[in-house]
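**Student:** Residue numbers (our numbering), protein chains in the order written: chain Z, 1 to 252; chain V, 1 to 252; chain H, 1 to 252; chain R, 1 to 252.
Among these hints, one or two may not hold up.
No copy is singled out in the list; a pair is fine if it fits within one copy or between any two copies.
[As the list claims (entries may be wrong)] Calculated cross-link-like contacts (lysine to any residue; reagent style SDA-like; alpha-carbon spacing at most 20 Å):
1) Lys61 with Asn15
2) Lys44 with Glu177
3) Lys70 with Phe179
4) Lys61 with Ser158
5) Lys7 with Leu107
6) Lys225 with Gln57
7) Lys48 with Thr231
8) Lys244 with Arg182
9) Lys116 with Glu226
Calculated directly from the structure, the hints in this document are not laboratory data.
Protein chains: 4
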Amino acid sequence: MEPIIVKYVDKPSLNAPVLIEGLPGVGNVGKIATEYLKEKLEAKLFVKIFSKYFPPQVLMKGDGTLYLVKNELYYYKNPNGRDLIFLVGDYQGMSAEGQYELSYRVLEIVREFGVKEIFTLGGYGTGQLVDEPRVFGAATDMEFVEEMKKYGVYFSPSDPAGGIVGAAGLLLGLGMELFDMRGVCLMGETSGYFSDPKSALYVLRIVKEYFNLELSLDELEERSKEITEITSQIKEEQKMEMDKKEDLGYIG
Amino acid sequence: MEPIIVKYVDKPSLNAPVLIEGLPGVGNVGKIATEYLKEKLEAKLFVKIFSKYFPPQVLMKGDGTLYLVKNELYYYKNPNGRDLIFLVGDYQGMSAEGQYELSYRVLEIVREFGVKEIFTLGGYGTGQLVDEPRVFGAATDMEFVEEMKKYGVYFSPSDPAGGIVGAAGLLLGLGMELFDMRGVCLMGETSGYFSDPKSALYVLRIVKEYFNLELSLDELEERSKEITEITSQIKEEQKMEMDKKEDLGYIG
Amino acid sequence: MEPIIVKYVDKPSLNAPVLIEGLPGVGNVGKIATEYLKEKLEAKLFVKIFSKYFPPQVLMKGDGTLYLVKNELYYYKNPNGRDLIFLVGDYQGMSAEGQYELSYRVLEIVREFGVKEIFTLGGYGTGQLVDEPRVFGAATDMEFVEEMKKYGVYFSPSDPAGGIVGAAGLLLGLGMELFDMRGVCLMGETSGYFSDPKSALYVLRIVKEYFNLELSLDELEERSKEITEITSQIKEEQKMEMDKKEDLGYIG
Amino acid sequence: MEPIIVKYVDKPSLNAPVLIEGLPGVGNVGKIATEYLKEKLEAKLFVKIFSKYFPPQVLMKGDGTLYLVKNELYYYKNPNGRDLIFLVGDYQGMSAEGQYELSYRVLEIVREFGVKEIFTLGGYGTGQLVDEPRVFGAATDMEFVEEMKKYGVYFSPSDPAGGIVGAAGLLLGLGMELFDMRGVCLMGETSGYFSDPKSALYVLRIVKEYFNLELSLDELEERSKEITEITSQIKEEQKMEMDKKEDLGYIG
Chain Z
1 MEPIIVKYVD
11 KPSLNAPVLI
21 EGLPGVGNVG
31 KIATEYLKEK
41 LEAKLFVKIF
51 SKYFPPQVLM
61 KGDGTLYLVK
71 NELYYYKNPN
81 GRDLIFLVGD
91 YQGMSAEGQY
101 ELSYRVLEIV
111 REFGVKEIFT
121 LGGYGTGQLV
131 DEPRVFGAAT
141 DMEFVEEMKK
151 YGVYFSPSDP
161 AGGIVGAAGL
171 LLGLGMELFD
181 MRGVCLMGET
191 SGYFSDPKSA
201 LYVLRIVKEY
211 FNLELSLDEL
221 EERSKEITEI
231 TSQIKEEQKM
241 EMDKKEDLGY
251 IG
Chain V
1 MEPIIVKYVD
11 KPSLNAPVLI
21 EGLPGVGNVG
31 KIATEYLKEK
41 LEAKLFVKIF
51 SKYFPPQVLM
61 KGDGTLYLVK
71 NELYYYKNPN
81 GRDLIFLVGD
91 YQGMSAEGQY
101 ELSYRVLEIV
111 REFGVKEIFT
121 LGGYGTGQLV
131 DEPRVFGAAT
141 DMEFVEEMKK
151 YGVYFSPSDP
161 AGGIVGAAGL
171 LLGLGMELFD
181 MRGVCLMGET
191 SGYFSDPKSA
201 LYVLRIVKEY
211 FNLELSLDEL
221 EERSKEITEI
231 TSQIKEEQKM
241 EMDKKEDLGY
251 IG
Chain H
1 MEPIIVKYVD
11 KPSLNAPVLI
21 EGLPGVGNVG
31 KIATEYLKEK
41 LEAKLFVKIF
51 SKYFPPQVLM
61 KGDGTLYLVK
71 NELYYYKNPN
81 GRDLIFLVGD
91 YQGMSAEGQY
101 ELSYRVLEIV
111 REFGVKEIFT
121 LGGYGTGQLV
131 DEPRVFGAAT
141 DMEFVEEMKK
151 YGVYFSPSDP
161 AGGIVGAAGL
171 LLGLGMELFD
181 MRGVCLMGET
191 SGYFSDPKSA
201 LYVLRIVKEY
211 FNLELSLDEL
221 EERSKEITEI
231 TSQIKEEQKM
241 EMDKKEDLGY
251 IG
Chain R
1 MEPIIVKYVD
11 KPSLNAPVLI
21 EGLPGVGNVG
31 KIATEYLKEK
41 LEAKLFVKIF
51 SKYFPPQVLM
61 KGDGTLYLVK
71 NELYYYKNPN
81 GRDLIFLVGD
91 YQGMSAEGQY
101 ELSYRVLEIV
111 REFGVKEIFT
121 LGGYGTGQLV
131 DEPRVFGAAT
141 DMEFVEEMKK
151 YGVYFSPSDP
161 AGGIVGAAGL
171 LLGLGMELFD
181 MRGVCLMGET
191 SGYFSDPKSA
201 LYVLRIVKEY
211 FNLELSLDEL
221 EERSKEITEI
231 TSQIKEEQKM
241 EMDKKEDLGY
251 IG
């Protein structure tokens, strides 16, 4: 068995497409954002990727049928600008080797379709509940840093500490060194404790504006309100807990 | 050394054979069921599979001689219908890579013999002792879902949560995506705490009827009665424990 | 880099040689026994084996120089019978894959020199301190079982429970299935808590007799007396501890 | 993807160059020492090494841009003697296999440039705070042992117990066995609890003298003074703690 098996469902002709990655990760921010894009823009599946670097597992569809875990590429023909390719899936590679092999292979595939720029979407886990998640960035070159600052992306000399692990980092790192591609990683601030549609919303607002997408974010706004409420409740409870302790004359 | 070494003991000519998998797993349900079939139907060994994906181990036969751990294929020429191939063995692959490679190789082998349908047998661990284990199913297509429902197989939108891990899942997932095969996984409900011949019995009743097999299940009925008795005893004890606590005015 | 690198120091012509394996393992019984043979018989180094399946490590010789961890083959031209090849080394392969690959490669090498029989020496860890360690056996065929019984080797239907893990098992398992070789594993009973020259001594007595070796076991007798003394002391202490508890009217 | 990807930035012609390795390790002694050499001597980058044996990670440069984790080779044309090649990087290989493959590949590369001698620099973690760290050595041959003793390198029959793990050991071990190279590992004594520029300083003093380098160690002296102060403080505190306990009539 080849370590990575690529099945082409279609071979579309695309206009200077940009790869947008959103695989599972911290707070599932990238996955939520990219799958939202894929669905709202009615992107078309064109590549399936199976691999021994994924878990040896099938998942249920809910109707009694099953499917093998995989990654997928979808394309979107953008009437207002460059076309988009979305990378989504059930898992990232389970080992360092798998991560490298899968990212490298995705870059080989998208190069065929003319990709020269990459956006990787993810979460930046801070362990803190925040009302207004910032969107942190990391880019392959200073030009991209400056450009993204205009869209409100936050570049910090010390964040993300520890760099970026997984596909969101590797696609950019391998892309710039070995494929002559450039790109940026957008990371929505998130507690990292739960799947975070609110953080995904803040990331998508930037993506929407940058690519000039005709896209309603209403549904994601709705889902993110729930997060706002849960966050408020937890903060309220934490505050009451603190107040009680102060009344008793001590702090835990 | 080749990662997987296949030794053909025989190359039988088979009639539209169906692969039935029963490797070790939850409650050893699949293993018990498939090895029972293999023995009662006096199936013939035709392929031995050795691999570095198995543990580096030999096992004892009981007479002072040893054998290398392996998987095996047996065939059964069914006078009442399609022939059967049984996949049994000491272990499943020990890593994700091993699982993929071994399942892929088994599919390559059985394709040569004309296999287009696969039944994988396993256990569905619920952590609960049950009197009448249900048999859950997961299939590659809706047609197979509908067909198996007629035999009392239970399809649930939420089970098995987490999908199916290991050979029972991969043979179907790889089979449908890369080998144009279809199939179903039958999972007997089991506590998962011990080897469960009763769960295997309920699975085999469906297999026997579906394939119209001349097969006595008496011995397995016998072994499963022991399980019924043990289960009853444990439940009795649990109930007495509960009653005592209630008498004392509290629940643990 | 090739996963396994074989350096031939010499290519001796040997007379129906038998491979004797003694790599590190339970109680280092096999290693002590085989290295004793190698040294007392002044066997000659003819093959060095390096591999990425060993730890990435060099060891110190004591004079300030270092050497890369390895396995080695030595040969002994036996004036009283068949020649012997000894497999010794710093480590066994560190993964299942490494174990398979290394054992397979050793079999390929020794086949070139005419090996058809294999003795693997090891320890059988029982967790118990014993005065007179038995030597357990496991063979590739009944003929060998019967032959070794004459030398006092103990064959048990239930031992070793769990089979034999590592090179001592694989060389026999792969040898019989893929190289048409036969052999036996001799396992000296050992607590498994420390390196056990006494257990090695009991194994070597059988090897010496079987191969009709001109070999003094005196030094090993000496080292094994120390073990006898330590064992006696520990047993004494354990007994006193027990007696005290009985005096106090309970058993821990 | 090739497991190791080598990008040549330049192919300099070098004069009997010596490889000096300083990858991350115990106390980062080797890394601090070699990167100090590289910077002070204004060595030139000529090879980048990417690999799936490194973590799947990009790191931040501090200006919002990122880079893929890697190893690098720099060369220094030494006006006073043999040229030097420095091996530095973000990580060592993450698995035994990765360690072997990477060291082997580095040896292949530097052989092209004429390397026949290797100095690997590292720390020897003793768990103790020391005022005057010794520099321990381990060499491929006795000639090198004798030569390095003249420079104050300390060779001990029992140190480093457990040998040398990782690139510092493998480059020498593989180098001597498979590349006909010789060399020495210099290990600065260090507690191992923190990055230790002082230990690096003591190692560099030997390297500087041996290779007759025009090199100011002032900055490293400065950084190492901080370590001296911290060490003194901790020792002072430990002493006071001890004294207090003694005053109270017991020792913890």
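**Student:** Now look at each hint and say whether the structure bears it out.
**Tutor:** Here's how the hints hold up against the structure:
1. Lys61 with Asn15: neither (33 Å within a copy, 32 Å between copies)
2. Lys44 with Glu177: For Lys44 and Glu177, only the inter-copy Cα distance (19 Å) is at most 20 Å; the intra-copy one is 29 Å.
3. Lys70 with Phe179: between (24 Å within a copy, 16 Å between copies)
4. Lys61 with Ser158: between (42 Å within a copy, 9 Å between copies)
5. Lys7 with Leu107: Intra 15 Å, inter 18 Å, cutoff 20 Å: intra and inter.
6. Lys225 with Gln57: Neither. Shortest intra-copy (34 Å) and inter-copy (33 Å) distances fail the 20 Å Cα cut-off.
7. Lys48 with Thr231: neither (37 Å within a copy, 46 Å between copies)
8. Lys244 with Arg182: neither (52 Å within a copy, 62 Å between copies)
9. Lys116 with Glu226: neither (37 Å within a copy, 48 Å between copies)
Going down the numbered hints, you'll see the structure goes against 1, 6, 7, 8, 9, while the others check out.
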